[in-house]
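Engineer: So the sequence lines, in the order shown, correspond to chains A and B. Our numbering numbers the first residue of the first sequence as 860 and each following residue consecutively. Our numbering numbers the first residue of the second sequence as 5 and each following residue consecutively.
Don't read these hints as lab results, they were simulated from the structure. Hints are supplied without guarantee of correctness; some may be wrong.
Unchecked claim - SDA-like cross-link-like pairs, simulated, lysine to any residue; straight-line CA separation at most 25 Å:
| hint | chain 1 | residue 1 | chain 2 | residue 2 |
| --- | --- | --- | --- | --- |
| 1 | A | Lys1142 | B | Gly239 |
| 2 | A | Lys936 | B | Arg241 |
| 3 | A | Lys1142 | A | Thr1061 |
| 4 | A | Lys1142 | A | Glu1110 |
| 5 | B | Lys223 | A | Asp987 |
| 6 | A | Lys1175 | B | Gly239 |
| 7 | A | Lys1175 | B | Arg241 |
| 8 | A | Lys898 | A | Asn1011 |
| 9 | A | Lys1058 | B | Thr171 |
To be verified - Selected chain A positions facing chain B (in silico; Cβ < 8 Å):
| hint | residue |
| --- | --- |
| 10 | Gly864 |
| 11 | Val1069 |
| 12 | Phe1081 |
| 13 | Arg1083 |
| 14 | Ile1147 |
| 15 | Ile1165 |
| 16 | Glu1179 |
Source: prediction; values computed, not measured. Glycine included, each C-beta is placed from N, C-alpha and C at the ideal position.
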Amino acid sequence: MTASGAVWVYAERHGEGFRPVSLEILEHARSVADALGTKLVAVTVGTPSSSAKSLANYGADEVITVEHPLIERYDTKLFTDLLESELRPTDPAVLLLGATRDGQDLAGRLAVRLRTGLTAHVTSLEVDPEKRLVGWVPGFGGGIEAGVVCPNRRPAIVTVRPGVFASPEPQRSTTAVRIVRPVLDETSFGSRRVAFEAKGFTVDLTRSEVLVVGGRGTDGDFGRLQRLAHCLGAEIGATRVATDSGWVERERMIGQTGVVTHPKVVVVLGASGAVQFTVGIEKSGFVIAVNRDPDAPIFEAADLGIVGDLAPIVDKLVEELGEA
Amino acid sequence: MRCVVCLKVVPRPEEVRVNLEAKTLERSGVRSVINPADLNALETALALRDRHGGRVSVLSMGPPNFEPYLRVAIAVGADEAVLLSDRAFGGADTLATSYTLAQGVEALGGADLVLCGDESSDGGTSQVPQGIAEWLGASQVTYVDRLEVPREGILRARRVLEDGTETLDVPLPAVVSVLGGANEVRFIDYDRWALAEQASIRVIDAVELGADPASLGLKGSPTVVAGLREVRKPGRRHEVLTLEPELAAARLAEELRRLGVTHT
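Given these sequences and hints, build the entire structure.
Structural biologist: Structure (structure tokens):
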């Protein structure tokens, strides 16, 4: 039986493996568990035990996999019920999940089921001197972040943004996997999937070396940005305004509610630089910004800033880089 | 169909100032807006009513000065608006907020469908709709960009995921979070302005709500803000130049070549 007070990480299945964010969290959670003087437990649902085994290679003291042939995909009701029955008897101190679509769907439901606190979208984790887990959440529009704790209820549930921790290197481990085999039938599921359409493209900006990012000042002309991106071998990113306006796919949104990126170079075009956006680029190696407003806060987050109209500048730049 | 749309009034994020010493947000004088994604939820509800009939109620939690925003929702097309307002509701985290809103839905006589925006532009936790669903014991579908009711008692909703979309059938009642930008929100119906101005907005306090006082507001919130700190910004060069396009492009090309990210 797992000791109470442990740190648990929910590893979200993705294909034959796991979402990268789950492994990022798992490796990082090792130091959280050490600071709290407790064990690190990885739990996964619907993952074949052969894949679940690999979770031990990222620092887990214990791996639990809940298996059943009927579990082919995420289902809110089923996953909430299964995790509840794993968590209640073992009383963990902390449960960490990746802030993916399914991860958030699950975290929000589970937190209320367990009548506990939830801190969403954290970008860093610390253990304070009182041995409480502090999740830091950026935002509030003023360049500050709030440290949130959940002192009196367990587990403290926390969702972590993809990309905020480094990609881990697996280490060989011999930790055994505990397989849980629940009894299920069709009534265990809360939904029936009637269709799935894979996206024609998938983009993971957290893995891009170079990004060209557009904001309101592009007026929706991402074709121009695309030409520059082509010259630089870059992916296209966008601010919330640009994705909300439907100029590019929502997956390209960078910032507090989008992805946190860490490219070598990012070129930010026509974005004012609200903190909700800049949290998504502050880990970049080198930040270039073009904006017509000399007082735009983006220049405070930039290594090299150009004050001017982006259309002629980008066109000239594409010309310049296209030659030679 | 009986729809309840949860609507949050949020400060314009760019206008909020932080008092780092007092660790508080200075919201006075800050203008507010209806959270954008909540308008997409409202539009979804109105489109369902257009098709299936029924009633659309708007539910919000906050101080009495939120009333004008609820009138906007009525002018757009909602049938009624209810404001949960009491000092006891203040300081609520996602657990207490979702509890209070779920109680509000019950106070309205329940709903077939509760619609929320997928996230608020101020708090941004994306977790309240799931919480409401759990308190109500209802189905939930999150990050939805389109939905329909193909037959009695069934909701068919399309979720937008990282690598595709999935369409789910769930039994009603259900709580749905609608993606910001999922639809085009109809304009305010100017013929409805007079109606909206005269509409009586029902205000419900904690006593009338009949909720468990220990589950409300600060008392009902297990999470606590232990500290605020300035976001540590990495040191940047802060070289800012005002140049003609040609010179600007040359300067940028030079820098990009130095960084080794050009093909040329």
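Engineer: Tell me the numbers of any earlier hints that the structure contravenes, in ascending order.
Structural biologist: Violated: hints 2, 6, 10, 12 and 13.
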